[in-house]
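Chemist: The whole structure should be built from the sequences, with the hints applied where relevant.
There are 2 protein chains.
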Amino acid sequence: MQSQQVPDELLNLRTQIDRIDEEMLDLLAERFRVTAKVGELKAKNGLESVDPVREHEKLERLRTLAEARSVNSEFILDLFQAIFDEVVKNHRAYLEKA
Amino acid sequence: MQSQQVPDELLNLRTQIDRIDEEMLDLLAERFRVTAKVGELKAKNGLESVDPVREHEKLERLRTLAEARSVNSEFILDLFQAIFDEVVKNHRAYLEKA
Numbered sequence: 020m021q022s023q024q025v026p027d028e029l030l031n032l033r034t035q036i037d038r039i040d041e042e043m044l045d046l047l048a049e050r051f052r053v054t055a056k057v058g059e060l061k062a063k064n065g066l067e068s069v070d071p072v073r074e075h076e077k078l079e080r081l082r083t084l085a086e087a088r089s090v091n092s093e094f095i096l097d098l099f100q101a102i103f104d105e106v107v108k109n110h111r112a113y114l115e116k117a
Numbered sequence: 020m021q022s023q024q025v026p027d028e029l030l031n032l033r034t035q036i037d038r039i040d041e042e043m044l045d046l047l048a049e050r051f052r053v054t055a056k057v058g059e060l061k062a063k064n065g066l067e068s069v070d071p072v073r074e075h076e077k078l079e080r081l082r083t084l085a086e087a088r089s090v091n092s093e094f095i096l097d098l099f100q101a102i103f104d105e106v107v108k109n110h111r112a113y114l115e116k117a
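If you read the sequences in order, they're chains A and B. Just so we're aligned, residue 20 is where the first sequence starts under my numbering, counting upward by one. Just so we're aligned, residue 20 is where the second sequence starts under my numbering, counting upward by one.
One should not assume that every hint holds.
Where chains are identical, the list cannot tell them apart; a pair therefore holds if satisfied intra-copy or between any two copies.
Derived DMTMM-like pairs (lysine to aspartate or glutamate); straight-line CA-CA distance at most 20 Å [said to hold, decoys possible]:
| # | residue 1 | residue 2 |
| --- | --- | --- |
| 1 | Lys108 | Asp97 |
| 2 | Lys77 | Glu115 |
| 3 | Lys77 | Asp37 |
| 4 | Lys61 | Asp97 |
| 5 | Lys77 | Glu93 |
| 6 | Lys63 | Glu79 |
Calculated from the structure, these hints are not laboratory results.
Modeler: Okay, structure coming up:
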């Protein structure tokens with residue numbers, strides 16, 4: 020019985036993971052749509068792509084949120100830093116095309 | 020007027036980004052709870068932490084989902100690879116403690 024039960028339980032957990040990953044992708048797509056608007060707004064008004072104060076505050080807030088959820092905050096900060104870097108890359112590409 | 024309008028619009032967009040990030044953190048926390056269960060189940064049944072077939076299928080599915088959302092799929096694959104690596108690290112830490 021064990022060998023039958025294990026794959027079912029594992030498949031069930033994998034279905035949950037797939038659902039979570041699809042929701043994360045939806046949120047990332049939405050986030051890039053919003054940051055594209057931020058990029059356009061900054062370009063139109065001659066503002067810098069990177070705001071170090073905002074970025075620092077965001078990372079500190081993310082650290083607090085990660086710790087409150089018992090998630091490895093160092094991992095979360097690295098993950099969001101990669102997202103921020105991608106946003107800045109997109110902003111700069113937009114500026115070069117403009 | 021312009022200098023007043025810009026910060027308001029930017030603040031509004033930043034509020035949207037902060038809400039998205041908090042939802043992403045909730046999903047990541049949920050994902051780590053589910054993968055911890057997967058790790059326990061695999062350990063209990065002597066299964067390997069990494070399933071290369073599942074991982075390859077997941078990455079291909081994520082590529083399709085990213086492209087359908089017009090999000091840079093290379094970036095998405097790197098991001099999820101970092102998440103998978105963190106999961107495997109957690110699995111191995113769990114096995115060492117067990």
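Chemist: Output the numbers, in ascending order, of every earlier hint that fails for this structure.
Modeler: 2, 4, 6
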